[in-house]
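Peer 1: Residue-level listing of the chains:
There are 6 protein chains.
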Amino acid sequence: MFMHNKRLQYTVRVAEPNPALASLLLEQFGGPDGELAAAMRYFTQGLGEFDPGRKDLLLDIATEELSHLEVIGSIVAMLNKGVKAQLSEAAMEEADLYMAINAGGDSHTQSLLYGGGPALTNSSGVPWTAAYVDTKGDPTCDLRSNIAAESRAKIVYERLINITDDPGIKEALGFLMTREIAHQKSFEKALYSIEDNFPPGKLPGIVKYANMYVNTSQGEGDMEGPWNTGEQWERVDDLNATLPADGGDGLASVTLDEKTDAVVKKLAARTLSDPAQDPETGADLGAGPGAGKISEEDLGGAKDIADATAQAKAI
Amino acid sequence: MFMHNKRLQYTVRVAEPNPALASLLLEQFGGPDGELAAAMRYFTQGLGEFDPGRKDLLLDIATEELSHLEVIGSIVAMLNKGVKAQLSEAAMEEADLYMAINAGGDSHTQSLLYGGGPALTNSSGVPWTAAYVDTKGDPTCDLRSNIAAESRAKIVYERLINITDDPGIKEALGFLMTREIAHQKSFEKALYSIEDNFPPGKLPGIVKYANMYVNTSQGEGDMEGPWNTGEQWERVDDLNATLPADGGDGLASVTLDEKTDAVVKKLAARTLSDPAQDPETGADLGAGPGAGKISEEDLGGAKDIADATAQAKAI
Amino acid sequence: MFMHNKRLQYTVRVAEPNPALASLLLEQFGGPDGELAAAMRYFTQGLGEFDPGRKDLLLDIATEELSHLEVIGSIVAMLNKGVKAQLSEAAMEEADLYMAINAGGDSHTQSLLYGGGPALTNSSGVPWTAAYVDTKGDPTCDLRSNIAAESRAKIVYERLINITDDPGIKEALGFLMTREIAHQKSFEKALYSIEDNFPPGKLPGIVKYANMYVNTSQGEGDMEGPWNTGEQWERVDDLNATLPADGGDGLASVTLDEKTDAVVKKLAARTLSDPAQDPETGADLGAGPGAGKISEEDLGGAKDIADATAQAKAI
Amino acid sequence: MFMHNKRLQYTVRVAEPNPALASLLLEQFGGPDGELAAAMRYFTQGLGEFDPGRKDLLLDIATEELSHLEVIGSIVAMLNKGVKAQLSEAAMEEADLYMAINAGGDSHTQSLLYGGGPALTNSSGVPWTAAYVDTKGDPTCDLRSNIAAESRAKIVYERLINITDDPGIKEALGFLMTREIAHQKSFEKALYSIEDNFPPGKLPGIVKYANMYVNTSQGEGDMEGPWNTGEQWERVDDLNATLPADGGDGLASVTLDEKTDAVVKKLAARTLSDPAQDPETGADLGAGPGAGKISEEDLGGAKDIADATAQAKAI
Amino acid sequence: MFMHNKRLQYTVRVAEPNPALASLLLEQFGGPDGELAAAMRYFTQGLGEFDPGRKDLLLDIATEELSHLEVIGSIVAMLNKGVKAQLSEAAMEEADLYMAINAGGDSHTQSLLYGGGPALTNSSGVPWTAAYVDTKGDPTCDLRSNIAAESRAKIVYERLINITDDPGIKEALGFLMTREIAHQKSFEKALYSIEDNFPPGKLPGIVKYANMYVNTSQGEGDMEGPWNTGEQWERVDDLNATLPADGGDGLASVTLDEKTDAVVKKLAARTLSDPAQDPETGADLGAGPGAGKISEEDLGGAKDIADATAQAKAI
Amino acid sequence: MFMHNKRLQYTVRVAEPNPALASLLLEQFGGPDGELAAAMRYFTQGLGEFDPGRKDLLLDIATEELSHLEVIGSIVAMLNKGVKAQLSEAAMEEADLYMAINAGGDSHTQSLLYGGGPALTNSSGVPWTAAYVDTKGDPTCDLRSNIAAESRAKIVYERLINITDDPGIKEALGFLMTREIAHQKSFEKALYSIEDNFPPGKLPGIVKYANMYVNTSQGEGDMEGPWNTGEQWERVDDLNATLPADGGDGLASVTLDEKTDAVVKKLAARTLSDPAQDPETGADLGAGPGAGKISEEDLGGAKDIADATAQAKAI
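Top to bottom, those sequences are chains C, X, U, V, R and P.
Going by our numbering, 464 is the number at position 83 of the first sequence; the sequence numbering is gapless.
Going by our numbering, 458 is the number at position 77 of the second sequence; the sequence numbering is gapless.
Going by our numbering, 610 is the number at position 229 of the third sequence; the sequence numbering is gapless.
Going by our numbering, 444 is the number at position 63 of the fourth sequence; the sequence numbering is gapless.
Going by our numbering, 521 is the number at position 140 of the fifth sequence; the sequence numbering is gapless.
Going by our numbering, 519 is the number at position 138 of the sixth sequence; the sequence numbering is gapless.
These are computed hints drawn from the structure, not numbers from a lab.
Quick caveat: nothing in here was measured; it's all calculated off a predicted structure.
Keep in mind that a hint or two might mislead.
A pair holds if it fits inside one copy or across any two, identical chains being indistinguishable in the list.
[As the list claims (entries may be wrong)] Lysine-lysine pairs mimicking BS3-like chemistry, simulated, CA-CA at most 30 Å apart: (1) K551 with K387; (2) K387 with K647; (3) K551 with K436; (4) K589 with K436; (5) K387 with K589; (6) K647 with K436; (7) K646 with K387; (8) K551 with K647; (9) K640 with K436; (10) K436 with K387; (11) K551 with K589; (12) K436 with K646.
Just chain C, with the same shape it has in the complex (with noise of 0.2 Å):
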């Protein structure tokens, strides 16, 4: 069961309104790496964990980062207290409160659609979805998932930080960030506490695909590195001799039994696309008589689209 203490985690100190800035700082709020997605990684994967250590573990952080999401959110409330009572009360001419809600961001929707409050939008206005959260039920995957989360999470507000100079703004973020990195070591603990944590889940993988590197992407810049080169792995260079992977056809095949294979020939040659005719189309009829938009006569070679911007003008 969780409690709340309306103290917060750390004291906010907003130096003066600024809907657009927080409209920005929503990214940690609402944003696919906040403090909502946050909270639900950990506290969706504890309720289906385990064991012991690692449910505590994920329990004590998914309520760490509710108070976080409370911290943002009460950042975001503050910068938006002017604008919101302004809007509400119409105190000010309409000309004045139009600037004042299109300063920057999205902070005209934050303003009308959700009255000021620190609504679950990233800084585009896009809502929450739970699409953010990558929980697998697998703790060597969760667990390095969380990591990857938290050095996202990082980032964000180290941006963020680095876009403003309230000093209680840059203060109250630097915290929650200081946090992120705490929470990424735990996690790290936590997955180098499995012994055999690589690769993750029951099943090996097959050996002759597990140290084969297959260099797709070829041509000028092509770079050897750890990743691709040495001992461990065999470089595939010559992609058609080797394809595919397998040494079979290379095609994809299912065994129809003979009634259903009548049926798949009937719809085959229902919608034959014959080859052999040069049909009138529907652009052949919509290209007009002088079908003049694309001759070689009003473009010449004009090889770059400047000149035919021009030339079009010109019609």
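Use these hints to put chains X, U, V, R and P onto chain C, whose structure you have.
Peer 2: Coordinates of chains X, U, V, R and P only, in the frame set by chain C:
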């Protein structure tokens, strides 16, 4: 520039049509950890990458994931080949067709809406969304995210392998699963080839918060482990005593100019919730003259809803 | 700041695993009227609220809803406990596992994608979205929305109670359902504690339109009731005669400067649809020489599609 | 069956084109509380309604909301009339067109993607989704939801009126806003015409939980009001002492058969997180030889991130 | 299988960084008619296609669209190259960085959330969704959808060309735009190579309804054209007289067995809306003692909301 | 302005309730090519249209599609009439109700969440989104999109007709399907009434790229047809030799000022991936002492995953 050879990277041999199994396999076609997600994850990272080695690696693997998308999509197309033709040609009685498309998963939608082609949805028919791609444009973040994504894809393949006994499908899924292991290894090498990769980004954390572990979930089941105990951790158990972490008052505040402050007060006054009165409410109006529904007489001390249900049915 | 005690707000005793039932219960975990929606609705309102009484109320109930999220999620986790382990360990034959995850609802996705953990989706696997949260930042609106939301949650719990006979689950759902009733009562009290709460907001309506009832749907079935008849209503039945409501010409117009007007005319001329000609179309091309498909000879006066179908099959 | 008269329900006279304002008005076209949401809410309820009076009411208002959708959409079309033509005809220099479509809101997307037509998005360009419609198919729920929805729409119109000084737009918005007030009144009448409308549905609550108020958020700011205090409420302040509410052990459990239990134990053993060791982790590898980033030497007791930033820049 | 050459299909030369323009160009990267949509549309169709000619065509164009995705994404990456580095390195004062990422479009989100990489969103930051792909698995449908999709993509490129004067970008967009024209021509040829392609599918229409034109929108502005007038059309103007089209009673009915019918009646009786009473409502409670807000005295015959607003402010 | 007559455009006679069939029919209610999508597509186009003939056509068909939405929704309501009442009244044993709502499709969600009313989702429960509407505001594009949309709707109706043998439903679906054919014909006429309708828009293509066919997918299965062969096409087969199309270097570049260039270099240096070292990785740590999982000894040359699985189980 991309090029394509009509042979698959791995030969697909399906034993017999099965639209319900097809709809489950969509998890790795248009699901959150499927091959489109993988391809787009690495492709978008590759385009924005400054480091030539990582750029090459990302484009190599992105291109291979597109080929995997083709393999899994071809399996789905083969499994649906029969139902597609039968529904198009109306080759069965209505009731039989109804049964054929309703055998499990979301195969009904796959047949009716997508005509038996491989659709970019997950196994519940949820369309793929770029919200699944968690690229941040920072290499140590993105590589951690890629490592996690490969481990998730590996697990989903493992689960799919566990539920089908079609040997051709099992074999192809085994190939795809193993390639995820290989890709994870490559991304691990690339991450650790960046000398100073933790914490991600440039900005360090604040020392006093980086080693703090906040034990927010307490009670029976509290555990110790290397993730919260040991030399490197300062563990906080007495939450109320240490709240807030910064030693301030734990409140949220913003400095308002006089005029704005007046408007805020005006709004507060207009929408004051008067705690002194006990008003009649809409629920009071609606509870009806007898208001019998929740009176103690009817329900007694009914401790469980089974009793309540029985009583309700008897009313 | 949030804190957590590992005991649940209500004890969960599940009689036996049942992943299909688990997927139905998700409606109150990650569905539109589920506990996450409730918690986030009140939490975001609470952060932006100026009135101390309402702020306290909103945070109290938000926190309790998080505890309910934990209860319903724990039921789901218990119902999935078996299938999660069996799929992870591949402890059953493939065909049996396939059956086990395909027993109903979207349990197949819950197993394959989410590994049997409680996922933040509804019972069709649609991920939770903050678009479910309809907070407007105006107290009389938001309290009405909260009242409605509690009533919706109550109904969904009632439906879930009606479809399960597991006594432990029924009892816990009964607790959760009842708490929605209590919360609705609290929100009703808070709404009516605002002296002048109708209409919401500050701006009054225009008198002549506020009591008008427009009878737009006519014909058999037209009814009278206190919602459209009586002293307070001015009912409009002759729609064409009273159109538009303002007595103007009912057209949409905008004043354009001369230059813009010329460009608008140029666009209109370029894309003019000439009503005088009867052009040959792509459909004409495509209907084929015989155009037999819809000729009267083939289909006669076929009144119902059953005939048409029969004839089509015979073609 | 629907019919249409080309005259609008309210005459639209726009003073001059303004694509940025157009994009804000979309809130009531394709936003969550806009006219499409209203129309679809009542229309879908009307189709499923058994009660002839409510069915008539719902279809009347649904039809009127479609006419409102037409009015607000026509305003948007007028505001965009200039930019639509100028972009289609390339009638301005590139830089001027760029400025014209970038004046605020999401007018850039409205021009580029939707060509200046009224698009079914909110003011941030988020496409309308049926997830906004919260119909439950129970009349006392749905009427409460409708009352709340009308109050939300009223508030958004009020905000839009407050930010524009175009008299023709203001007048039309005033008409639309007032109609929401009228509709709310009708739905209130319909709700209270159901004799016993609280609690919604058929199943009563459990008495002991229906009057309980759980004071989950404590600390400074705890308030009393009719929503938590008074004769009808049993208030719970000592949370830990009364946990869980049912007097049980507060744990989640499920009865497993022997075989399943063995598999669960196998999974737990395989993925055991060993709390006794302190493993080296990926973060340890990545922190680099100096691990300097977060050492106390570099950062000292830096209390705020401003110091940390300065030091980081100096590194 | 896919292969990749690191050279682009068209050389990208960007004159200078411009993150706001970058965010507009995303319309063709991750927007609904952008290159990912095109590639996935043709790729999924190709996998399910039975006809070898169409399969080849679809895979050719799908592969080329992936190369276009690479071109447009590379332009975006170049336009963002500066801001990406500056934000990562915190190389500018906070206020300057804030300005740099707030110059227009949704460039703020592209910088903060995606780090300046090309993200799969549209120009408002809405993530790409497979819901954009309208593949039906029927060739005459899908080819028509492809023709339409190419024409949409052509128009969006034309708009983007019209708003930028960077010659390198203009030239590359011109190439991409022209390729859409070429692709449309190919799909037209493929459609008309199917002999009998209209109506799509196998089932013919019912003759009496196939040539009927229902003039549902009447009043000033009613027009005639070849789409509703002429030999092939039977035009219905008197809507009420011809309703319903089948000559029945125009009602919806279902046959219920006796037991079900009784339950339906029970539900109807329990939720009866009694039209005879005029109940007091929540709105009546909330309108307050004076109910002054909408009294005629205050507002008089105020015809426009401007008056109402003035009066409201005066209150 | 819209008006409504309570008679349907086509009489609905349903033989017996069937919630699973109801959930399949939702495809044409709230699915991507269903009637709401059609109505909103034409309605939004109509509002923004300058040409009076097309405007009239669009509003006529938009209005008729709303009437179709009513017909299909009424069928759904009839099919759900029984289950709606039974679930509301708890008129069956729990296990029977559970069976009744779990008969197929997503009828469980339709019952639990939407109460048996017609919900605006597709047959998998995915909520309708305006992302389905592909209106561009250019008439030749939009008419092509409408033609395609009508053909898609026709096909889905055909599929639904093929799976039900209820004669009343079949007949009504036949009417609706046929109207799509009629609408397609009208839109074709309107498209070809625009004199010069190909290519869409105003800007011509660049001649040298407009007739080029790029044969990107090669290998067995390469085909010729009028879409890639013949007088009008210049076919490119040697991809590497003609790369890039413009004869440049095929690279992406941007001109940076000196200061920006320095920051870019700084970022590149800080995040350099050193290809010379072969670092120990997290996967190395996690593979465990034996790292046995993928050693050749354990798996041998196991070619197929069935072997691997067997061996894994044996471990």
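Peer 1: Determine for every hint whether it applies to the structure shown.
Peer 2: Here is how each hint holds up against the structure:
{"no.": "1", "hint": "K551 with K387", "in the structure": "within (22 Å within a copy, 34 Å between copies)"}
{"no.": "2", "hint": "K387 with K647", "in the structure": "between (71 Å within a copy, 25 Å between copies)"}
{"no.": "3", "hint": "K551 with K436", "in the structure": "between (33 Å within a copy, 26 Å between copies)"}
{"no.": "4", "hint": "K589 with K436", "in the structure": "between (37 Å within a copy, 26 Å between copies)"}
{"no.": "5", "hint": "K387 with K589", "in the structure": "between (58 Å within a copy, 23 Å between copies)"}
{"no.": "6", "hint": "K647 with K436", "in the structure": "between (57 Å within a copy, 17 Å between copies)"}
{"no.": "7", "hint": "K646 with K387", "in the structure": "between (70 Å within a copy, 22 Å between copies)"}
{"no.": "8", "hint": "K551 with K647", "in the structure": "between (69 Å within a copy, 24 Å between copies)"}
{"no.": "9", "hint": "K640 with K436", "in the structure": "between (54 Å within a copy, 24 Å between copies)"}
{"no.": "10", "hint": "K436 with K387", "in the structure": "both (26 Å within a copy, 10 Å between copies)"}
{"no.": "11", "hint": "K551 with K589", "in the structure": "between (52 Å within a copy, 16 Å between copies)"}
{"no.": "12", "hint": "K436 with K646", "in the structure": "between (56 Å within a copy, 16 Å between copies)"}
Every hint, counting from the list given before, is met by this structure.
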